[in-house]
Amino acid sequence: MTDSPMRIIVAVSGASGAPFAVRLLETLREMPSVETHLVMSTWGKSNIEVETDHTVSEVAALADVTYKLGEQGAAISSGSFHTTGMIIVPCSMRTLSAIRYGMADNLICRAADVVLKEGRRLVLVPRETPLNTIHLENMLALSRMGARIVPPMPAFYNHPQSIGDIVDHVVVRILDQFGLDAPQAKRWRGLGAARRDRPTHVGHNLS
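Take the sequence shown: its position 181, counting from 1, is numbered 180 in numbering that gives the first Met the number 0, and each next residue is one higher.
Heads up, none of these hints are tricks.
25 Å max Cα-Cα, derived SDA-like pairs, lysine to any residue:
hint : residue 1 : residue 2
1    : K44       : E57
2    : K44       : S15
3    : K116      : L135
4    : K67       : R93
5    : K67       : N105
6    : K67       : T41
7    : K116      : M92
8    : K116      : S142
9    : K44       : I148
10   : K44       : G101
11   : K44       : V55
12   : K116      : L68
13   : K116      : G178
14   : K116      : G101
15   : K67       : S77
16   : K116      : D104
17   : K44       : A62
18   : K44       : R6
19   : K185      : I148
20   : K185      : M30
21   : K116      : G72
22   : K44       : K67
23   : K116      : Y100
24   : K44       : E34
25   : K116      : R99
26   : K116      : M102
Hints listed in this document are in silico derivations from the structure and should not be mistaken for laboratory results.
Required output: the full structure, derived from the provided sequences and hints.
Structure (structure tokens):
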């Protein structure tokens, strides 16, 4: 039995939320047992430059393997290439809809289609608000197909002191879907512990 790495596809689509993708890749980079395969959309790249202090090249360098959006002949476009699953973070509503209806017109959607048909883990991190009926029906349909819908919801029981803390919590919950324990996790340890750990000033000066 070989100790092959866990291959995870990470896709960055054009919704707001690039910091989640960057932090996810940074965290996975520190896990020797994980091999990351990255594909970014055109608007996903634009949001990296708008929403973070990283360049697209710096983000690409965090992954083990990178692909172009139109690279339909890539390894991850075939079910015979074994992966553990895929994370789309952030996931735009256009990407969500395309995956639901099997419109594999770019590598992100094709890779997601492969992951679904092979019965592997597909984690979607939708970043939109408010959600209309079409969005909700698409999420429900994909959930019934086996996808995990993980909206980037903040938690406040762990007393975030910065935007980075909120981003970290979302990344932790994403990686939980693959059984990966992120080192920055601040998990619920019961009401007593939450009360003891409560800071003097809560949630007013996030930066």
